[in-house]
Amino acid sequence: MNAPLRYLLLIGTAVVLQRGLVSHLRVADAVPDLLLLLAVAAGVAGGSERGAIVGFFSGLALDLMLPTPMGLAALSFLAAGALAGRLRASDVRAARWRVMAICAGSCAFGVIVFAVLGALLGLSGLLDPRLVAIVVVVAATAAVLGPLAVRVCHWADGDIDRVRRALR
Amino acid sequence: MLLVLTSVTLLTLDYRGFPPIDRARSTVLTVLAPVGDFSSRVFEPVGQAWDGAFNTDAIQAENQSLRTRVDELEGQLTSGAVAKESLQQLLEQVGIPFVGDIPTAPAKVVSGAVSNFDTTLELDKGRGAGIVKGMPVVTGRGLIGRVVQVSDNRSRVQLLTDGDLQVGFSVVGTPIIGTARGAGRAGQLTGTVDLARDVAPGQILVTSGLAGSPYPAGIPVGTIAAVTVDEGAQEKRLDITMLADVYDLTFASVVLYQPPS
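As you go down the protein sequences, you meet chains A and B in turn.
Using this note's numbering, you'd call the opening residue of the first sequence number 1 and step up by one each time.
Using this note's numbering, you'd call the opening residue of the second sequence number 1001 and step up by one each time.
Per the computed footprint, the stretches of chain B lying under chain A, defined by three or more beta-carbons under 8 Å from a beta-carbon of chain A, are: (1) 1010-1017; (2) 1020-1027; (3) 1031-1040; (4) 1116-1123; (5) 1147-1159.
What follows is a set of in silico ranges between Cβ atoms, one per label pair, in the way DEER data are often shown: (6) B:1234 - A:132: 32 to 40 Å; (7) A:8 - B:1015: 22 to 30 Å; (8) A:90 - B:1001: 19 to 27 Å; (9) A:4 - B:1190: 44 to 52 Å; (10) B:1201 - A:116: 31 to 39 Å; (11) B:1031 - A:116: 25 to 33 Å; (12) A:129 - B:1241: 14 to 22 Å; (13) B:1015 - A:148: 33 to 41 Å; (14) A:90 - B:1023: 39 to 47 Å; (15) A:27 - B:1210: 37 to 45 Å; (16) A:132 - B:1202: 33 to 41 Å; (17) A:132 - B:1015: 27 to 35 Å.
No lab work stands behind these hints: they were computed from the structure.
Just so it is clear, CB atoms sit at the ideal spot from N, CA and C, and this is done for glycine as well.
Let the hints inform the model, and build the full structure from the sequences given.
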């Protein structure tokens, strides 16, 4: 199985998990965002271009499920994935906490871009105080799940050696 | 750069109402229906365990609140029947028919909001039940939203609490009309009426059904909780408490109504 197919499988799995499981795990009226996390993790694992591509398609999957403007999540997740790849590229050390910080920061960036772009497009209720809770919850879960998601993306990239090293 | 341009193009096409995008969303709704049902069944215990573990205080508070409410309702049972009759009489006086006269399609709520910033829920009925995009959705207590996506066997409803959904209302028993929209808070709407109009907390609001409105007249919307005067805008701002509860819904009915063209 090649990398695009593996990422397609990951996006499908993330959609199912987001819809069936994660959307029920509400904290302060906010939920984790697996599709955004996948984009960011792909950026950390494969660089900014990979992050942008996976972010575009995972965002597009979310756009197809929601009545929000088509392309809004695609553009936001693309930006988050690209940022994660850029931050990872400038980071020479592979400490776990750095990966967690990059995942958290990039996911927070993705949420804020979504809210700001949505507000610019005329959607209301995106830049209200609830945005803070959403950013915190999404970033916190991204920090916790980030290292695991990055390993999964290494698998999708076919970088089995890195997965094996991480599992040791 | 190509993907950025594609995203911007999609945004532009969707903004201009490009039909294939609607069709693509409808297809996804159909395709994901069995997947959603399956994953909901599989993960339901996890969701319940989460609620049990992290929302205990909220559940206990809600339990206590419900007990108090039951006591109140038992006491109000008799007066409630009288109030209902009074409301009916008021509506008849202003020539507003009840929504009960219009056929409805009862449906089960199969999925709530999928992600953050999502104020929709999904029903297990679609075109097969006569549902089309734009139809109003109600519970036994009043309006909750409007259908925004339809497939053969599913429909997605945008809740009234979403600030982008607007509803024209009339104040029962008066000729006063205004508009309301979501306030970004659970069960709350904000509305406006002309400054010269005399409105007061406690008055009941129903859909106005004026020409061009996607809602038929007479669907209960909410009650006025507070009124503030905005001299600058020459209007009165209303805090409205929705009559229908949009959270923890199990069933809802789509009103099979299409405004006259």
